[in-house]
Amino acid sequence: DAGVIQSPRHEVTEMGQEVTLRCKPISGHNSLFWYRQTMMRGLELLIYFNNNVPIDDSGMPEDRFSAKMPNASFSTLKIQPSEPRDSAVYFCASSNRRNTGELFFGEGSRLTVL
Amino acid sequence: QKEVEQDPGPLSVPEGAIVSLNCTYSNSAFQYFMWYRQYSRKGPELLMYTYSSGNKEDGRFTAQVDKSSKYISLFIRDSQPSDSATYLCAMKVQGAQKLVFGQGTRLTINP
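The listed protein sequences correspond, in order, to chains A and C. So for the first sequence, the numbering used here puts the first residue at 1; every next one is plus one. So for the second sequence, the numbering used here puts the first residue at 1001; every next one is plus one.
A few of these clues could be false.
[Stated by the list, open to error] Facing chain A, according to a computed beta carbon distance under 7 Å, are these residues of chain C, among others:
(1) Y1032
(2) K1042
(3) P1044
(4) L1047
(5) K1092
(6) V1093
(7) F1101
It should be emphasised that the hints constitute simulated quantities derived from the structure, not laboratory data. Heads up, the beta-carbon is just placed ideally off N, CA and C, and yes, glycines get one too.
Using the sequences plus the hints, can you model the full thing?
Following this line, the structure appears as structure tokens:
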């Protein structure tokens, strides 16, 4: 079975550019999560969706960040304009286990903003 | 103060040693406790899951939860080089979906 698929795996961009990260969750999973991982702050939850509806976006750092989930099989995380402090690994995770909270993570998108 | 504290290490031990990894937390409402393993350049994957207090064993891995002390542990027996990874604790409140992660401990098992 295919796991969570993220693209691109690596992105290098210049400050001020728009960045779009993409995620395809595991089929049948109705919850989708976006996390950011840095050495300093660890794994931080940015936003999560249930049944394509955003439930909690309190972790989104600024208005420069936005996320959408137009259907059950696709989500995007957009940063516009990007800044060097946005450099991190961004993980998408999906789940169909609301009680236990078990998450299935993708391999991440490593973003470097110069 | 962070909700979940975890020593980032790094921790380096010889093959065959018993490894102890720990997290402390401040939110007494946490009921679900998990350990995720993350290999280099990969996403985290669930290793162990425990509800409320007590021990859980799975092969060479044992997870312990002490809610009175707000302290959880992961023990690895007969450690192998393939266990070299970053181990992250995670926990959540019953009814909530948000997982709160520790910083992660980088572990290296030396052959």
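Cross-check of the supplied hints:
1. Y1032: Given a least distance of 6 Å, the restraint on Y1032 (chain C) holds.
2. K1042: 6 Å, holds
3. P1044: 5 Å, holds
4. L1047: 11 Å, violated
5. K1092: 5 Å, holds
6. V1093: Given a least distance of 9 Å, the restraint on V1093 (chain C) is violated.
7. F1101: 4 Å, holds
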